[in-house]
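Quick note: to get this note's numbering, add 1 to the position in the sequence shown (first position is 1).
Calculated directly from the structure, the hints in this document are not laboratory data. Warning: the hint list may mix true and false statements.
Simulated DEER-style distance windows between Cβ atoms [unchecked claim]: (1) N114 / T61: 19 to 27 angstroms; (2) N37 / T146: 17 to 25 angstroms; (3) A140 / G80: 28 to 36 angstroms.
Computed from a prediction, not measured in an experiment: that's the story for all the values here. From the three backbone atoms N, C-alpha and C, an ideal C-beta is built for every residue, glycine too.
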Amino acid sequence: TTTTELTQYCAVNNTPQVVTFNTQQIPNAHMGTMNNATGVFTPAAPIVGFLSLSCQVRRTLGGASPVEWGIEIQTSPDGITWTSVAGSSRRINLRGGGDNNIMQMLAFAVALNLPAGTRLRVRQSCNDASSNTGLVAAAGSLGLTTSAGFIFSLYTVD
Numbered sequence: 002t003t004t005t006e007l008t009q010y011c012a013v014n015n016t017p018q019v020v021t022f023n024t025q026q027i028p029n030a031h032m033g034t035m036n037n038a039t040g041v042f043t044p045a046a047p048i049v050g051f052l053s054l055s056c057q058v059r060r061t062l063g064g065a066s067p068v069e070w071g072i073e074i075q076t077s078p079d080g081i082t083w084t085s086v087a088g089s090s091r092r093i094n095l096r097g098g099g100d101n102n103i104m105q106m107l108a109f110a111v112a113l114n115l116p117a118g119t120r121l122r123v124r125q126s127c128n129d130a131s132s133n134t135g136l137v138a139a140a141g142s143l144g145l146t147t148s149a150g151f152i153f154s155l156y157t158v159d
């Protein structure tokens, strides 16, 4: 609904956690499957192309020091051994000074060569979990509907 806000705050300082999903829009089964609860995407066919990611990050509670928040993409051949995708780690700094509800957008794309069956996930982390910092799908406001907190898209090059 437009009055609901959804958040995924970092739970522990400097400890990456997997981003999970509450909804998905995969156009067809040939693309692959997404497990919303675990945040793991498994392609049905090889994907050679790029992954585009955009998200809203909020530092809910203010403080004197800035909070560093980061995100990265990982792949795994077996769901046990995970490797970071080269060039996928990004960090932003959410300023201090006592301000609450500092929100920033982050968007980027990274090249991807994902064999069929290779799992993909996204992790987030921050250096001050007590600041309630993480992904947010903001409730509707300004006459607009709820915003998506996290979107990733896969594009193939044939």
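N37 versus T146 beta-carbon gap, inside 17 to 25 angstroms or not:
holds, 21 angstroms
Could you check the hint for me, namely that N114 and T61 are 19 to 27 angstroms apart, CB to CB?
37 angstroms Cβ-Cβ, so the 19 to 27 angstroms window is violated.
Range first: 28 to 36 angstroms. Now tell me if the beta carbons of A140 and G80 are that far apart.
holds, 34 angstroms
Hint compliance for this structure: hint 1 is the single one not met.
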